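Trainee: Below, each chain spelled out in residue letters.
Number of protein chains: 2
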Amino acid sequence: MTTDKILLAHGSGGRMMRELIEKTFLPILRGGYAGLGSDDSAVLPMPDAGEGARLAMTTDSYVVNPIFFPGGNIGDLAINGTVNDLAMSGATPLYITTGFIVEEGFPISDLETIIRTMKDAADKAGVSIVAGDTKVVDRGKADKLFINTAGVGVIPGGIAPSASGLRPGDRIIVSGTMGDHGIAVMSKREGLELGVDILSDCAPLNSLVRAMLGVCPEIHALRDPTRGGLATALNEFASESRVGILVAEGAVPVNDAVRGACEILGLDPLYVANEGKLVAAVPPECADAVLATMRAHEYGRDAVIIGEVTDTNPGKVLMKTFIGGTRIVDMLAGEVLPRIC
Amino acid sequence: MTTDKILLAHGSGGRMMRELIEKTFLPILRGGYAGLGSDDSAVLPMPDAGEGARLAMTTDSYVVNPIFFPGGNIGDLAINGTVNDLAMSGATPLYITTGFIVEEGFPISDLETIIRTMKDAADKAGVSIVAGDTKVVDRGKADKLFINTAGVGVIPGGIAPSASGLRPGDRIIVSGTMGDHGIAVMSKREGLELGVDILSDCAPLNSLVRAMLGVCPEIHALRDPTRGGLATALNEFASESRVGILVAEGAVPVNDAVRGACEILGLDPLYVANEGKLVAAVPPECADAVLATMRAHEYGRDAVIIGEVTDTNPGKVLMKTFIGGTRIVDMLAGEVLPRIC
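In order, the protein sequence lines correspond to chains A and B. In terms of the working numbering, the first sequence is residues 1 to 341. In terms of the working numbering, the second sequence is residues 1 to 341.
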């Protein structure tokens, strides 16, 4: 049977699923994709751990709408998202699994494009896609395609960044402009005419993190501010570490086009998702070295110190305004941008 | 805000998601659930590997319909499915991640029930649920609830069952009756009145596998025949190992009620999914010891030898019929039971 549409039988476990895997997945993922069709699990070398090493493990499901957006698609989003979650724990990402939930009728050619994007993203990040699963649901029971990724990495001894690790005096550094991913997806979804293309910042941050830890192994905290944006990440830092965070208004870099779109949409870029940016809490004596290292890296060119950690106002994030006052920057309360990742 | 329904804001990454996790997930999963809300990844001890050990990694998404069925729900299905995939590679399952895709409006009380079932299943299998992710999609864009699980385990040195490992003379053993899970789900979905409750066989098989490998570390192949059923698993064995498999008609155990339901539905139990059964290819000199060990285990009481591996008819599964002939048992071709797991 020749068809460019996914059928229920492609999720059957039988011959058509095998053909889909052999024709669509394996030619692209060749050389790393075990555990599909042949055996139930991927069998992998034990990571070379070294003294004090720990395993990092994480998962995310991706339901972004639309699945193709300026600067990426659900495929590289799913790979980079899990690579970044591992990197933020200080881990070297190694292995990734993929779970596809496909709506009956989805074009196989689109699936191929997405798998190819995933493979490219995995290669760029230096991780292996080691196993996968495909389920098909009847038309109308899912929205085109959802992808889950789970990842495993190794955290070297002596490295332990954590949301609970902030200390008063730490400098808060962001790696670049805030809000690009969320606005790129939103503008595509809403058919917004902005006069300028805003691209998602979707990118793997593991090599940036490795460089940063190279000059300052004791970095206290790392986070990629995805859903909920920078404001939510900083609030989690403040809450978990029982410290205050003071950020300077105007210090947070935002692209002009993103700022313009946020004004049209009534959004604050501090709450808009990023997929290729990080925020770090760095001991003051390391801050200049970390900043210089970040600026020398392709994904940290616009890195900047936006504030610092205080022993006053524990659990709160404050912004010092231009006119000399302060205001509270709260965690995201409702939902401003559903299905952004 | 008090509500028993999942809202889009529960997937926002902000305050309501945090509350959902703190009120619904953490009280049940306490004591093993890292990487949620606090940090991006779970940080875990490196598995104690030993000489020749390898890592096993696998994933599956679950889209079963209905999500509650006789003998289980999507929660224990998702845990046991991944535990079993790891076990079939000879691994000791250790860590499991969970990804929830929830339809807006889903009852939080049902979510709680499902999470509780997952925790019980994980405890029974001796694995830790270490991380999770929750996404919410708008009403009508997913069918109630989909769950992805990914798992990591360790395969001890010297253990290497594989679908490509069968050798002529091996005995084919199944651990019990075939088709219970598929028929349990199907009868609930179709509102079939069978006069008798057919329960899913959903169960963790890792301790059964450990016992089997204890008496015969060189077991050649293990598989849990889920989607596509026993017939598809045996065809994959025959194809991957380039051997023939000869099964005796009537040797495959099937519950009377399952057989009756299959007749009503026009199904062959050989193609119906199981979620707590395995099929093994065992060297002949081990077969009696493995069989005795299986029968002494709660999940192998009905274990039986159903056939053997031949050097004739490579790549094919044949059934010896009652009247003395043979017929080919093919791989599942279309889709008989969609969304069975």
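These are calculated hints, taken from the structure and not from any lab test. None of these values were measured; they are calculated from a predicted model. Errors might be hidden in some of the hints.
Repeated chains share a single entry, so a pair holds when one copy, or any two copies, can fit it.
Unchecked claim - Here are the simulated EDC-like cross-link-like pairs (lysine to aspartate or glutamate), alpha carbons at most 20 Å apart as the crow flies:
id: 1; residue 1: LYS5; residue 2: GLU22
id: 2; residue 1: LYS5; residue 2: ASP288
id: 3; residue 1: LYS144; residue 2: GLU240
id: 4; residue 1: LYS144; residue 2: GLU103
id: 5; residue 1: LYS5; residue 2: ASP110
id: 6; residue 1: LYS316; residue 2: GLU19
id: 7; residue 1: LYS320; residue 2: GLU104
id: 8; residue 1: LYS188; residue 2: ASP138
id: 9; residue 1: LYS320; residue 2: GLU22
id: 10; residue 1: LYS23; residue 2: GLU240
id: 11; residue 1: LYS316; residue 2: ASP110
id: 12; residue 1: LYS144; residue 2: GLU104
Trainee: Classify it for me, LYS23 with GLU240: is the Cα-Cα distance of at most 20 Å met within a copy, between copies, both or neither?
Mentor: between (47 Å within a copy, 17 Å between copies)
Trainee: As a check of your reading, is LYS5 near ASP288 (CA-CA no more than 20 Å) within one copy, between copies, both or neither?
Mentor: For LYS5 and ASP288, the Cα distance exceeds 20 Å both inside one copy (54 Å) and across copies (48 Å).
Trainee: Which holds for LYS188 with ASP138 at a C-alpha limit of 20 Å: within a copy, between copies, both or neither?
Mentor: Between copies only: 18 Å across, 26 Å inside.
Trainee: Using 20 Å as the alpha-carbon threshold, which applies to LYS316 and GLU19: within, between, both, or neither?
Mentor: between (54 Å within a copy, 18 Å between copies)
Trainee: Reference check for the pair LYS5 and ASP110, CA-CA at most 20 Å: within, between, both, or neither?
Mentor: Within one copy only: 10 Å inside, 34 Å across.
Trainee: Is it within, between, both, or neither for LYS144 and GLU103, if the alpha carbons may be no more than 20 Å apart?
Mentor: both (5 Å within a copy, 14 Å between copies)
Trainee: Between LYS144 and GLU104, at a C-alpha cutoff of 20 Å, which is it: within one copy, between copies, both, or neither?
Mentor: Intra 8 Å, inter 17 Å, cutoff 20 Å: intra and inter.
Trainee: Under a CA distance limit of 20 Å, which applies to LYS144 and GLU240: within one copy, between copies, both, or neither?
Mentor: Close neither inside one copy (37 Å) nor across copies (33 Å); limit 20 Å.
Trainee: With identical chains, the pair LYS320 and GLU22 could be close in the same copy or across copies; at 20 Å between alpha carbons, which is it: within, between, both, or neither?
Mentor: Answer is neither; intra-copy 57 Å and inter-copy 31 Å both fail.
Trainee: If the cutoff is 20 Å on CA atoms, where do LYS5 and GLU22 land: within, between, both or neither? Let me know, please.
Mentor: Within one copy only: 16 Å inside a chain, 41 Å across chains, cut-off 20 Å.
Trainee: Checking LYS316 and ASP110: alpha-carbon separation at most 20 Å within a copy, between copies, both or neither?
Mentor: Answer is neither; intra-copy 45 Å and inter-copy 34 Å both fail.
Trainee: Should LYS320 paired with GLU104 be assigned to within, between, both, or neither, using CA atoms and 20 Å as the limit?
Mentor: neither (52 Å within a copy, 38 Å between copies)
Violated hints, in rising order: 2, 3, 7, 9, 11; the structure is consistent with all others.
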